[in-house]
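Engineer: Sequence:
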Amino acid sequence: MIKKLFYFLFLIFILVPLSFYGYSQDLDRNKLKEFDGSGYRKDIRVYSLGSIDYIEDDSDFMFISLSDDINLYDEEYKERVFLIPSGEKENYKKKEYLLTDSYRAKFFFEVGISEDDTVFIYDYEKNYLKSFPISSLKALAVVNPYSSGDGPFYLSDYMFGFKLDSKIIKDHPSSLVYIGKENPFVQEQLTPLFWNKIDEQDFPVLDEDDEITAVAFWGNMDSLKKVDSYLAEANGFRFFIQNYTNKDKSELIQSGEIIARHLIILDSDSNIITNEIEGITEGDMFYPLTSLNKKDEFIYQWTGKILKNEPPVVFGFKASSFSCTPVFRFMHPLHDYFVPRCDARH
Numbered sequence: 013m014i015k016k017l018f019y020f021l022f023l024i025f026i027l028v029p030l031s032f033y034g035y036s037q038d039l040d041r042n043k044l045k046e047f048d049g050s051g052y053r054k055d056i057r058v059y060s061l062g063s064i065d066y067i068e069d070d071s072d073f074m075f076i077s078l079s080d081d082i083n084l085y086d087e088e089y090k091e092r093v094f095l096i097p098s099g100e101k102e103n104y105k106k107k108e109y110l111l112t113d114s115y116r117a118k119f120f121f122e123v124g125i126s127e128d129d130t131v132f133i134y135d136y137e138k139n140y141l142k143s144f145p146i147s148s149l150k151a152l153a154v155v156n157p158y159s160s161g162d163g164p165f166y167l168s169d170y171m172f173g174f175k176l177d178s179k180i181i182k183d184h185p186s187s188l189v190y191i192g193k194e195n196p197f198v199q200e201q202l203t204p205l206f207w208n209k210i211d212e213q214d215f216p217v218l219d220e221d222d223e224i225t226a227v228a229f230w231g232n233m234d235s236l237k238k239v240d241s242y243l244a245e246a247n248g249f250r251f252f253i254q255n256y257t258n259k260d261k262s263e264l265i266q267s268g269e270i271i272a273r274h275l276i277i278l279d280s281d282s283n284i285i286t287n288e289i290e291g292i293t294e295g296d297m298f299y300p301l302t303s304l305n306k307k308d309e310f311i312y313q314w315t316g317k318i319l320k321n322e323p324p325v326v327f328g329f330k331a332s333s334f335s336c337t338p339v340f341r342f343m344h345p346l347h348d349y350f351v352p353r354c355d356a357r358h
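Numbering-wise, the sequence shown is residues 13 to 358 according to our numbering.
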């Protein structure tokens, strides 16, 4: 029963893959606007690639988990659908099951796909697209890595999705997966963001009535201390970052650790496109900003168009241990975003 309840709560969690917290506070002279996560674009169904390397009787392989789209339990936490070909409900012995015939058909029905769909895998850093007919891929139920010890296993211990040979797909951190009839990806090379340190007075000055959207910040704004300011320019936009650390000593925060970032994006006419401050919660970490003078370093932040008929995005500012990443923010004032579905259970 505990595992059933955990899985039900997990399903609620993954529908809004980020936690947002707003406060009736000010940053300097500007009001903070609560961001409740309502901008999450559920209609954009893209997935992450994962690696499976803990099945003793199988070589390592890549896996597309569609578990985020399956509701295994009803409102009373009772199993509503069984996708594993075994008569031993809640007592599954194997770490991996092949879904065939009626089980494969039931899985397709639950996630809303069909045998004539195509799997599109797009590497947004390399601007490289691969595609496979979904009919050529094996559908599997695989025990998730946090439940991969000795069985027996519960239904909720399994991820449901498709197996890909790791020889075909090797690099996956910058890959997005879409399943459907047509390729949704623009396939235009994204632009890396290289940052130049600027004086604090060169950071944009907001009007008093400009509100700042507060994203995932737990603390008190009065405890923030400004540190470095940065500027990056790309595709006619200017990206400004103001880093903050904690004024006071804390056992939970290392000295000088960046705990909040204020991001302002201006278009070519100096109109504000994005104006938000983001904090970190448990399991989060801000990525470094690649210097304009050190272009050989790893690049975390990118901008450009990824999806057809959608605005450009910016992403790569934060890592999170407990939710799916990266967060692709559309560059317009609505503050909507999409996140690849990744089965982020812990």
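The hints are simulated quantities; they were obtained by calculation from the structure and are not laboratory data.
Treat the numbers as computed from the prediction; the structure is a model and nothing was measured.
Take the hints with a grain of salt, since some may be wrong.
Lysine-lysine pairs mimicking PhoX-like chemistry, simulated, CA-CA at most 20 Å apart [stated by the list, open to error]: (1) 238 with 209; (2) 142 with 106; (3) 306 with 209; (4) 237 with 209; (5) 175 with 118; (6) 175 with 209; (7) 138 with 182.
Ranges between beta-carbon positions, derived for each pair [stated by the list, open to error]: (8) 103 with 250: 30 to 38 Å; (9) 307 with 345: 24 to 32 Å; (10) 283 with 214: 15 to 23 Å; (11) 103 with 239: 53 to 61 Å; (12) 53 with 284: 20 to 28 Å; (13) 86 with 179: 36 to 44 Å; (14) 283 with 138: 27 to 35 Å; (15) 213 with 145: 22 to 30 Å; (16) 279 with 103: 54 to 62 Å; (17) 305 with 150: 28 to 36 Å; (18) 294 with 94: 32 to 40 Å.
Beta carbons: idealized from backbone N, C-alpha and C, even for Gly.
Engineer: Work down the list of hints and note, for each, if the structure agrees.
Structural biologist: We went through each hint and held it up to the structure:
| no. | hint | in the structure |
| --- | --- | --- |
| 1 | 238 with 209 | 14 Å, holds |
| 2 | 142 with 106 | 31 Å, violated |
| 3 | 306 with 209 | 12 Å, holds |
| 4 | 237 with 209 | 17 Å, holds |
| 5 | 175 with 118 | 17 Å, holds |
| 6 | 175 with 209 | 45 Å, violated |
| 7 | 138 with 182 | 13 Å, holds |
| 8 | 103 with 250: 30 to 38 Å | 59 Å, violated |
| 9 | 307 with 345: 24 to 32 Å | 31 Å, holds |
| 10 | 283 with 214: 15 to 23 Å | 18 Å, holds |
| 11 | 103 with 239: 53 to 61 Å | 55 Å, holds |
| 12 | 53 with 284: 20 to 28 Å | 21 Å, holds |
| 13 | 86 with 179: 36 to 44 Å | 40 Å, holds |
| 14 | 283 with 138: 27 to 35 Å | 32 Å, holds |
| 15 | 213 with 145: 22 to 30 Å | 57 Å, violated |
| 16 | 279 with 103: 54 to 62 Å | 59 Å, holds |
| 17 | 305 with 150: 28 to 36 Å | 48 Å, violated |
| 18 | 294 with 94: 32 to 40 Å | 35 Å, holds |
Going through the hint list in order, the structure does not satisfy hints 2, 6, 8, 15, 17.
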